[in-house]
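Input sequences plus hints: build the corresponding full structure.
Each residue of the sequence shown is one higher than the last, beginning at 136 in my numbering.
Hints listed in this document are in silico derivations from the structure and should not be mistaken for laboratory results.
Nothing here was measured: the structure is a model prediction, and the numbers come from that model.
Take the hints with a grain of salt, since some may be wrong.
List time: in silico DSBU-like cross-link candidates among lysine-lysine, alpha-carbon distance up to 30 Å [claimed, not checked]:
| id | residue 1 | residue 2 |
| --- | --- | --- |
| 1 | LYS178 | LYS199 |
| 2 | LYS191 | LYS178 |
| 3 | LYS139 | LYS199 |
| 4 | LYS139 | LYS178 |
| 5 | LYS179 | LYS139 |
| 6 | LYS199 | LYS179 |
| 7 | LYS143 | LYS199 |
| 8 | LYS191 | LYS179 |
| 9 | LYS179 | LYS165 |
| 10 | LYS143 | LYS179 |
| 11 | LYS191 | LYS165 |
| 12 | LYS143 | LYS178 |
| 13 | LYS178 | LYS165 |
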Amino acid sequence: MALKDALKSLNEAVKDLTSLHVQTFTGSLKVDIDKSNGFDELKKLIETQSASGEVKLVAESLVKFDGDSYNFITSDIQNAPPQALDIHQNAVTSGLNNRLALLELFQDLIK
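Take a look at the structure:
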């Protein structure tokens with residue numbers, strides 16, 4: 136069972152490294168959190184709808200290792216803050232650069 140679990144974990148890690156998914160939202164959000172709550176806890180509160188407010192998806196990109204991509208930009212783009220689109224583009228660029236650096240690291244380890 137340990138080998139099966141290890142292979143499953145490796146498969147999930149490889150999937151995570153070989154694709155990039157960026158979502159950028161605007162709006163307001165109210166969540167009761169304390170200092171001990173980190174990003175994962177905040178994400179969980181939002182996903183379980185333990186937060187109130189209005190959030191709008193402005194842009195979404197999914198880039199796969201083979202170059203396939205899915206991109207979404209709101210049809211209400213003229214009302215989206217330009218900073219949101221800049222943040223989205225920077226997150227996509229940063230994510231791609233990070234994955235490239237990780238792949239190069241693995242390549243160097245295998246050599």
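Here is what the structure says about each hint:
The suggested pairing of LYS178 with LYS199 holds, with an alpha-carbon distance near 23 Å, which does not exceed 30 Å. Simply put, LYS191 and LYS178 have alpha-carbon atoms about 16 Å apart, close enough for the 30 Å limit, and the pair holds. Simply put, LYS139 and LYS199 have alpha-carbon atoms about 25 Å apart, close enough for the 30 Å limit, and the pair holds. Between LYS139 and LYS178 the alpha-carbon distance is near 29 Å, which keeps this suggested pair within the 30 Å criterion.
The suggested pairing of LYS179 with LYS139 holds, with an alpha-carbon distance near 28 Å, which does not exceed 30 Å. Proposed proximity of LYS199 and LYS179 is supported: the alpha carbons are some 25 Å apart, at most 30 Å. Between the alpha carbons of LYS143 and LYS199 the distance comes to roughly 20 Å, so the proposed pair stays at or under 30 Å and holds. For the given pair, LYS191 sits about 18 Å from LYS179 by alpha-carbon distance, which is consistent with the 30 Å threshold.
Under the criterion of a C-alpha separation no larger than 30 Å, the hint pairing LYS179 with LYS165 is consistent with the structure, at around 14 Å. Restraint check for LYS143 and LYS179: the C-alpha separation of about 23 Å stays at or below 30 Å, so the hint holds. This hinted pair checks out: LYS191 and LYS165 have alpha carbons roughly 14 Å apart, not beyond 30 Å. Among the hinted pairs, LYS143 with LYS178 is consistent with the structure: their alpha-carbon atoms are about 24 Å apart, no more than 30 Å.
A threshold of 30 Å between alpha carbons decides the hint, and for LYS178 with LYS165 the separation of about 13 Å falls inside it, so the pair holds.
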